[in-house]
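Q: Here is how the chains run, residue by residue.
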Amino acid sequence: MSQDCQELIAIRKLKNTAERYGIVSQAFHWLIVVLIIVQYQMGRIAEDLPLGFDKLVLMSRHKSLGMTILGLALLRLLWRLANKSPGSPPGLHRALQGLGRTTHVALYGLLLALPITGWLASSYANSPVSWWGWFTVPDLVMPDKENFERLSELHQLLTRFLIVVVTLHAAAALVHHFYFKDDVLRRMLPGWPGLRK
Amino acid sequence: MISYPDRIFTVLGLQIIFAAALPTTAAAEAQAWQTIKPRSITFVAVQAGAPFEGRFEQFEALIQFSPDALEESRFQVGIDLASVETDYEDRDEILRGAEFFDVKAERLAVYEAVSFADLGGNKFRADGQLSLNGRRLPVVLAFTFVPAEEQRNQYILRGHAEFNRLDFGIGLGDWADEKWISHTVEVHFSLQLTRID
Numbered sequence: 001m002s003q004d005c006q007e008l009i010a011i012r013k014l015k016n017t018a019e020r021y022g023i024v025s026q027a028f029h030w031l032i033v034v035l036i037i038v039q040y041q042m043g044r045i046a047e048d049l050p051l052g053f054d055k056l057v058l059m060s061r062h063k064s065l066g067m068t069i070l071g072l073a074l075l076r077l078l079w080r081l082a083n084k085s086p087g088s089p090p091g092l093h094r095a096l097q098g099l100g101r102t103t104h105v106a107l108y109g110l111l112l113a114l115p116i117t118g119w120l121a122s123s124y125a126n127s128p129v130s131w132w133g134w135f136t137v138p139d140l141v142m143p144d145k146e147n148f149e150r151l152s153e154l155h156q157l158l159t160r161f162l163i164v165v166v167t168l169h170a171a172a173a174l175v176h177h178f179y180f181k182d183d184v185l186r187r188m189l190p191g192w193p194g195l196r197k
Numbered sequence: 001m002i003s004y005p006d007r008i009f010t011v012l013g014l015q016i017i018f019a020a021a022l023p024t025t026a027a028a029e030a031q032a033w034q035t036i037k038p039r040s041i042t043f044v045a046v047q048a049g050a051p052f053e054g055r056f057e058q059f060e061a062l063i064q065f066s067p068d069a070l071e072e073s074r075f076q077v078g079i080d081l082a083s084v085e086t087d088y089e090d091r092d093e094i095l096r097g098a099e100f101f102d103v104k105a106e107r108l109a110v111y112e113a114v115s116f117a118d119l120g121g122n123k124f125r126a127d128g129q130l131s132l133n134g135r136r137l138p139v140v141l142a143f144t145f146v147p148a149e150e151q152r153n154q155y156i157l158r159g160h161a162e163f164n165r166l167d168f169g170i171g172l173g174d175w176a177d178e179k180w181i182s183h184t185v186e187v188h189f190s191l192q193l194t195r196i197d
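Residue numbers (the numbering used here), protein chains in the order written: chain A, 1 to 197; chain B, 1 to 197.
Just so you know, these hints were derived from the structure itself, not from any lab. Where hints are given, some of them may not hold.
[Claimed, not checked] Not the full set, but computed from the structure, chain A residues with beta-carbon under 7 Å of chain B:
1. Leu51
2. Phe53
3. Ser60
4. Ala125
5. Ser127
6. Pro128
7. Ser130
8. Gly133
9. Thr136
10. Pro143
11. Asn147
[Said to hold, decoys possible] Here are the computed lysine-lysine pairs in the DSS-like style, where the Cα-Cα straight-line distance is at most 25 Å:
12. B:Lys104 / A:Lys55
13. A:Lys84 / A:Lys13
14. B:Lys179 / A:Lys55
15. B:Lys37 / A:Lys145
16. A:Lys145 / A:Lys84
17. A:Lys145 / A:Lys13
18. A:Lys55 / A:Lys145
For each residue, glycine too, the CB sits at the ideal point set by N, CA and C.
Work out the full structure, taking the sequences as your base and the hints as a guide.
A: If you want it as structure tokens, here you go:
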């Protein structure tokens, strides 16, 4: 095979097809999965820590990671808009298709809403967010103690909502795989033979 | 000789300190001023890579100053450290605590200057001493002294100082790491002054 041809195939693997997610979509998906698990644990541990140095360090990292996830989520949305997703498998009940779409919209919404409410809470607390100490993210609003409390509560509420939606999403993937026996889970897994077609 | 009204001395413990330090005759040529609103003493520190501003709500400033009588001029400023306000309850609590200002041991910080230099163009420099956290060290103020725009008899004293918080034992232990809290703290002040006759 000529080098040009190999390059062409490599580029094609990056993009989604009607049957599977490409490498870029998969990378976004699994990278964000890992980062969100880390992010959730950091937030949970920091919340329970007593006021002090460790809490400051952990919260600062939580904020930096939150901005990282926000950036990735925006890139991912752009990629999704430019690159059609495989869509529902044929023959899936309309209600389930709707449920799937709703879940995905909720996931994307939360992926944006969680970092943005965290960012707002930081601004309200006069604690500007630094991105890993490299640069300071601009404040969205002026300090305000009451609004800080409100946004913190909203941030925590959305976190609980995320847990529910993620659980639903993962359960759906397993139902597709083991009960419907379709490719819905496999097409998001790296190395699936479909990629080498 | 200048006599100050008693009500100037409202900060805890300040009266005793100032009464002992008050000159009896030497200050005759420098104008005595009283601070009125708007007046502020603020500070900027960098937390986890991002700068934030805080302020002291309670302070008293005893200003004797005339650009043509610098020899007789003097500043005496008392700041109630417990009045620190950074628009974030958790941080204020830590700042008031034993690892920072330790306000239970001593809640008053005092800045005193008797040595001034005229730098030209309404710019001045004060070489004074800051007593903070049980330590007394030289701190230089750079400031301007200009008439208030709308009040002909009033002046605005505005300037800043910089010091290393570790020199005053503020934020030791884990907190001493510059990566999480800057060593350099900037203090800014702006005081509207009206004459005491």
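Q: In ascending order, which of the hints set out earlier in this document are inconsistent with the structure?
A: 11, 16, 17
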